[in-house]
Amino acid sequence: MTVTDQAPAGRHVGRPLRRKEDPRLLAGRARYIDDITLPGTLWAAFVRSPEAHARILSVDKSAALERAGVHAVFVGEDLADLAGPLPLAWVPPGVEVNNPEHWPLARGAVKHVGDPVAVVIGEDRYAVVDAAADVVVDYEPLPAVTDPELALKGAPFVHEQFATNETHRWSLGGGDLDAGFAEADVVVERRVVNHRTAGAPMEPRGVLADYRAGTLTLWSSTQVPHFLRLFLAILLGMSEERVRVIAPEVGGGFGSKLQVYGEEVLAAWASRKLGQPVKWIETRSENLAVTHQGRDQIDYVKIGAKRDGTLTALHVQIIADLGAYNMLLTPAIPALGAFVMSGVYRIPAVQTDIVGVFTNKCPTDAIRGAGRPEATHLIEVTMDQLAHELGMDRLELRRRNFIPKDQFPAEVAFGIVYDSGDYEKTLEKLLEHVDLDAFRREQEELRARGVYRGIGFSTYTEICGLAPTRAVGPQGFGNQAGFWESAMVRVHNTGAVTAYTGASPHGQGHETTFAQIVADRLGVDPEVVEIVHGDTATGPEGRNTYGSRSLAVGGEALARCAVKIADKARAIVAHKLEAAPEDIELVDDRFVVRGSPDRGMTLAEVAGAAYLNEVPEGMEPGLETTTFWDPDNFVFPFGAHACIVDVDPETGKVTVQRYVAVDDCGHAINPLVIDGQVHGGIAHAIGQALYEQVQYDDRGQLVTGTFVNYGLPTASELPSFETDRTETPSPVNSLGVKGIGEAGTIAASPAVTNAVIDALRPLGVDYVNMPLSPMRIWDAIQGANREGGSQS
Amino acid sequence: MIPAEFDYTAPETLQEAISALAEGGEDAKLLAGGHSLLPLMKLRLAAPSLLVDIRRVAGLHGVERQNGDWRIGALTTHATLARSAQLGVVATVASTIADPQVRNRGTIGGSLAHGDAAADLPAAMLVCEAEVTLQGPGGQRSVAAADLFKDYLTTAVAPDEVLTEVRVPALDGWGHGHQKFNRRSEDWAMVGVCVVVKSNGGTCEDVRVGLTNMGPVPLRATAVEEALRGRDLTAESIAAAAEHAADGTNPPAELNATADYKRHLARVMTRRAIQQAVGG
Ligand SMILES: Cc1cc2nc3c(=O)[nH]c(=O)nc-3n(C[C@H](O)[C@H](O)[C@H](O)COP(=O)(O)OP(=O)(O)OC[C@H]3O[C@@H](n4cnc5c(N)ncnc54)[C@H](O)[C@@H]3O)c2cc1C
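Those protein sequence lines, which keep their order, are chains A and B. Here the first sequence stands for residues 303 to 1094, numbered as in this note's numbering. Here the second sequence stands for residues 166 to 445, numbered as in this note's numbering.
Isolated chain B (complex conformation) (with noise of 0.2 Å):
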């Protein structure tokens, strides 16, 4: 549990740290909540020569409203995005994490960067429609969650990047509903789905659904979303649209979970999350 040797260094502002970035080559790390990043460096997973520590740089933290987006800073805590319920499914989601000690130390920022098949912020800015602001040495640019996740922890942000900020769209009148199966209360996801629906008088105007650990990077379930969308939100409808969820998926087994299993979660945890959004 002690990681190999390497530098450290915890600049004060943005463009400080994307300089340092730079000059430590492949093998430099930024560093944010570390939840992600040190259990790997522990295990002699992760081996960089270089951590270069963000927490002290300056506007990168925090939730605001801009106009009709959430501008949630990058080190923004999952506790903290937890607490801001007017975040609807972000702050649902971000409650689920882990336990206390991870949600007060693991960022936004850190968890989108990282990219981890069973991370649970990623698929709720699939839901979202969110975007993210990259800075690097050639400046900045705007990548959209749909864009983001590529592979296995692999995401588009660039090594010499910092991740700045997440804008997330305020769906004010939308539902939202998540369900996490999990073993124990503070474990990772085996299945997650997260839900956003706007309703009409009891019609499905839109919805979206988006599905954690079920692939290498989260995925949206548009055949639930098209079987629903202009729909009647019944129980029925619903759950026929809920049998959907796992379609065209491949979702890699692990321990305790073969793929048909997870399958299987997929469906019933879609349909949950939905009543739970539509308020059933």
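So that you can see chain A by itself, here it is in the shape it has in the complex (with noise of 0.2 Å):
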């Protein structure tokens, strides 16, 4: 790992500047997929099972072919000359995945409730609807498993060909458990459930395929257009240079538009085959039914202490729900938890066993925190669990096995290095804004008069900056791609700088952030950095967005972009001023002579003089380059939060308080834009412990089809949340930075879950699952008065 130069305090890095993309968004300028027109431009409208496992007997297309305007209706057999599946692209070593085929329309049987049938393909928006619901498919049902547990005791099985519904096991584990379990004089095990949740972005995914002249154009609401390329050349066995993928505005992601879709490939084949434009704009529904979920994991937790709080062996189990197939990265997911499973604290053994399990529901994938949401919450709710069994403070305990300041860069019992951290300076700060004597005389005085007040705590880290290839890529973790982003920039001849970044961002700000960091290395204002995104035909290969690695990956490769091109630049005054190059520096908008602060060049001039070819003798003319960077490490933000929150004893009903989040993420690029990050995925978590959760019936019938049962949380539910800031600095960047975009969401769950525990502990209940629904506090607190008292 090699430490650079740390970023300079800039002149505009640091500084909260207003997005620049906001106004186009907020006055509805921005361009989405459903923006985009062309002439010709042919509507798509799915088949979906009502099934939830069936085997599909017949499939009767005429008479929605009779319908005005349909041109085809489309199913599974007639795509055979697609040159593969939809793909899986994590292959670890040594580790058998059950892999079934899936394809973009099924092929003899459906898995799941939305699974697609067929397509019809018609001219008008409207009528495709109508004629979709004229396809005639008889299926033959079969037996549902929705219960991951008893998926894994054996029949009926999801795919009958592995004759089991486990789809893989992996571990990652380090130091010796048996001797922590030993050694420890208390052990505390809980079965903790992190339920299914939905991305459910604003907006929707669509696809627009345009195939004409060989050549494939394909706008998508994708976080991942170069990966979309890749597949999409792959599987319509075309030549990856005839194929373009934009990106265009995207609403959201959170996830699950890390994917390559089978709705994608369809559309782009179909366009081939029916040499016209071919639409798709998903609606509410179906993305709550179709659209990759997150989570549903049962958690089995072990874990060890001495007396004194000293941490001895962790051991988890984690039982995942896959959903029905593999998807671009499903049975990798819960393995990224896997990764942080020691949290911020000292732990000589470390074991994390993962079982995958195939049930006839929806596929999960990566959703906002992919893996380490899940492990914080099962670790930080622990912690309180051990803490209340040792009779000792929760933060104390906590504290006692924080990994210290001065151990960083710090190696946890299963070889992962811990880029940078100082976990007591973050809860300290935290503790300057929740006053806890004062907030414990308030408590007694509430529940005096029956109003129960709670206070959690989640001190986290999590790992992002996805990230170093020889630690994930084929040789490492098995993901078949390298992981490096790329940069280019362009000085243009008035000094007006286009960057490109492979990064591609869906609401993160990046264009106002990126500008920012190049603006500061070139000398311009951040308004003339315009920032190119999200299309593969411009700029260079890119890795994308996903992982909260924009920043620390992307944002790095255009710093030391844009790096080249100053130094380039300082080349050129020097010749110009007959000075010698390492004598010129960037004193705010101008490359000047040290010692000579009149004599110096603005990137303007510069430019002149680079598109003129003024240059050094052997220089090439112009100013603009491209750069690739692979990181050394994982980047590891971390972070101390506390959730205050009144449960109505009477009803169960709980409700937020107050929300406090100090955040580190190394150096701020742009504080407004992390607290923008912060509060929306401080939302994300407490929908996911108070509101969302996708449900299925036993029979595998989806019953949160809508808005009005997947209770996604909307303002008057949430707190004006307080944000705070600590800055320790990345070792592993330049710009001393790490990653914000996730972090929130891997945070909240558990501080809103210990809270509501702290608040019912005194009706005698010790612990509750999410999501923290009325009826199940209420259970909770019957079952407890039922049994006089605790249940652990």
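Where hints are given, some of them may not hold.
[To be verified] Derived lysine to aspartate or glutamate pairs resembling DMTMM-like cross-links, with alpha carbons at most 20 Å apart:
(1) Lys207/B - Asp336/A
(2) Lys363/A - Asp380/A
(3) Lys608/A - Asp737/A
(4) Lys866/A - Asp837/A
(5) Lys207/B - Asp426/A
(6) Lys731/A - Glu747/A
(7) Lys207/B - Asp432/A
(8) Lys207/B - Asp436/A
(9) Lys727/A - Asp426/A
(10) Lys866/A - Glu926/A
(11) Lys727/A - Glu746/A
(12) Lys207/B - Glu229/B
Note that these hints are calculated values from the structure, not bench results.
Put the two chains together into one complex; each comes in its own frame, and the hints tell you how they fit.
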């Protein structure tokens, strides 16, 4: 790991610049897929399975084909010329993953409600929906399984050919577990359920494919245009340079658009087949039924500690419900949690054992945090349980086990090396905002009046900045890709800058933060730095946006690229002003000769010289360059969160009164953007903890198919978040940055859960799993009343 | 999210609307605020062949006092009701319906004609002992709120009738309370309770308690009313009466609430609503 020059406090970096993207977003001038129309566009509508598991006996297209304007109806068998099924990109060395073929349209059988059976393509957006209703599918229903623990016991099997519902097993561990538990004075075990959630982006998915004259242009509401181009080329048997994928404005993804979806492949295939553009816009009901979902784990947690609170061992058995198919990264997601299973603690022995399970449900894959929220939840909830068992203060237990700041870079039991951290500092800062003594007094007083108030904490770290290729690529964790990022900077004649990034933002604010980074390095205003992204035909190859990687990998690539331009600019200035290149420095908006600040050139003047070829002997004209950067390590943001809730003991309803978050994502490029990410991240996790849950009945019918019953929270359910920061730079990149897109989501659900349990303890409730719905809490209180005390 | 094909007409007068409905036959439907009908159509749970949009029909809007009654036009929106504090419990209940968008579009006539078991206004109509006016090809009739709601999504409004107005007796001098239990603030009621109380020197002269979503239609909690009428209004008497809130009810279980839990909620919400009504 190299420690490169730390970022100087820049003129623009560090400032709460308002987001450059917001005016167009707020004024409704952004261009999403549904705003793009091409002449002659045909519309697609899918016929989806109402059955959770069934054989397809026949499909009668005739009535649909008779409708005016319908051009074609296709079923799975019509797509025989595809080069292969939809991809699974995780091939872990030495691990067998049962991987059924998964096609854009089902072949022979359907495996979950919403599985596409046929597609109708026609001239009119409305008529194709009517025609889809005319397609008659004869199903032979088969028994379905939705409970992963039942599924592991045996038949019915989601995929008969494997004669098991187990997809794979994967473990990560280090240290002597048996010795650790033998040494423990206290062992606490919990069954922690982390239920299934939906990504629910504001903009559902959508795709527009235009195949003409041997070239495919495909617009998709995706997080990963470059991955999509590669797989479209492979599956359609096209040469990669003939495929262009554009991610226009993307209205949120939360991981659910880190995917290569059957609808995308199908639209491209159909456009080629029919010779016309083909467009599909997902409905909200489809989004809640078939866009990949997240979480859905049952975690058996066992933690050991000495009387004084020193942790000795942690074992976690994860049962991961993967749904009906493996999608791009499905089985790899729970494994990401294993990478942070030590949390912010020194634990001599840690072992995570994962078993993946097929069920007749929508596939799961990455949703904001992807494995790390589940890990953090189980660790932080279990720490509270352990503290109670030890009769120890919850924060004292945490402090006793924090990895001390002088031990960074810190290697945890299973070999992962945390780049930097100062866990005491974030906790201390949190406690400056939350007066614990005052809270306890208030809590007492309120209880006397029948109001049950509780406080919960979460001290977390997470692994992001995905990722060093040697660690996660084919030779490491087993993803079949490199995880570097690219950048290209082009200075125009006037000194305006266009910078291309391989990251592919979908709401995060890169156009602002990346412009700040470039602006500081080139001495220009961020206003004249345009960040271009999301188009495979412009800029270099890219690896796109997920895993809180954009800034730590893509931003760093861009910073390095801008430094190369600045170096060339210095050489040109030295040449023009007859000075030594080492003597040229950037002061505000001019490259000047050290010691004579009146002698210098602006970037515009440098660009003028570069394009008039007034450059040193042997140097190329122009002012443009490309950089690829692969990090040496991940980055590990961390922080301390506190949540205060009131629980109505009569109804079980929880209201969040206060939420305070102190996060450390290294150097802050833009505090306003960080706050925005933290707010959204916490909202996401409060949503999971209290309101959101994808639910199927035991026959596999989805019962949360609309926002009436899938409880996405709104502003009314959320408190005004209080945020603060510490800045512990990462040594992994020159910017000193980590990631913040997922941190809030990773940190918050245990803080909420611990707060609810804190409120409920006087009522005899010691533990309760999410979602903390009123009835579940009421049931827990009733249960405690019946048992006359604790259940632990 | 695309409805099946339908025809559309927007008459200017009540007579035209009634004729259009009659000519459209079985599958013709009135359209008011559209916030119950259009979602059903988009989910393809309803597929009317003709929509008769009555929003241009004059004379169906507004709130006015006529002697001892409030006369509320069928097209009066929830938002207007919520702003009309003089309506007492009706205004309070209307202010808890969904979110501002829904309140700005949804109408009292639509809500009452539709008869959703979880809708908030029907129970308020029961406790106010309101009356609706229906106009059909055969003329005009009045139906008491108690006779309006028949079963799930089934009301006394005939397919060829238009609900034109609602008459709500002004409960001058009565106190009111309303408790709506839901998970998110804009959710439908898991259980709702509205109460009007007339008290005289701390004694309950009269009380009416309406329950939402405790059965296929809104209910009066008569056992609670009987337990309280003529009694001193104390915390104890209120709590004791509220224990009867779920007597005789058979509420449907739903996604995150069993029937037992809903009965429990009805008791808690009833106690709170009465307390609120007596200013406690
Ligand atoms: C997201 C959402 C949340 C909601 N939450 C709630 C809630 O919490 N509480 C609540 O009470 N409601 C709720 N609603 C329903 C809302 O209040 C509706 O507006 C109302 O139930 C129906 O009124 P409308 O004017 O929209 O009727 P429409 O949808 O136009 O019509 C409904 C039905 O009534 C018939 N109809 C309409 N007007 C008349 C008339 N004058 N005479 C005869 N028949 C007529 C129509 O033919 C149709 O069958 C919600 C709606 C939405 C979309």
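Results of checking the hints against the structure:
1. Lys207/B - Asp336/A: Holds, at about 19 Å.
2. Lys363/A - Asp380/A: The hint holds at about 13 Å.
3. Lys608/A - Asp737/A: 29 Å, violated
4. Lys866/A - Asp837/A: 24 Å, violated
5. Lys207/B - Asp426/A: Judged against 20 Å, a Cα distance of about 17 Å means the pair holds.
6. Lys731/A - Glu747/A: 26 Å, violated
7. Lys207/B - Asp432/A: 12 Å, holds
8. Lys207/B - Asp436/A: 17 Å, holds
9. Lys727/A - Asp426/A: Violated, because 60 Å separates the two Cα atoms, which is more than 20 Å.
10. Lys866/A - Glu926/A: 9 Å, holds
11. Lys727/A - Glu746/A: 29 Å, violated
12. Lys207/B - Glu229/B: 35 Å, violated
Of the numbered hints given earlier, the model fails hints 3, 4, 6, 9, 11, 12; all others are met.
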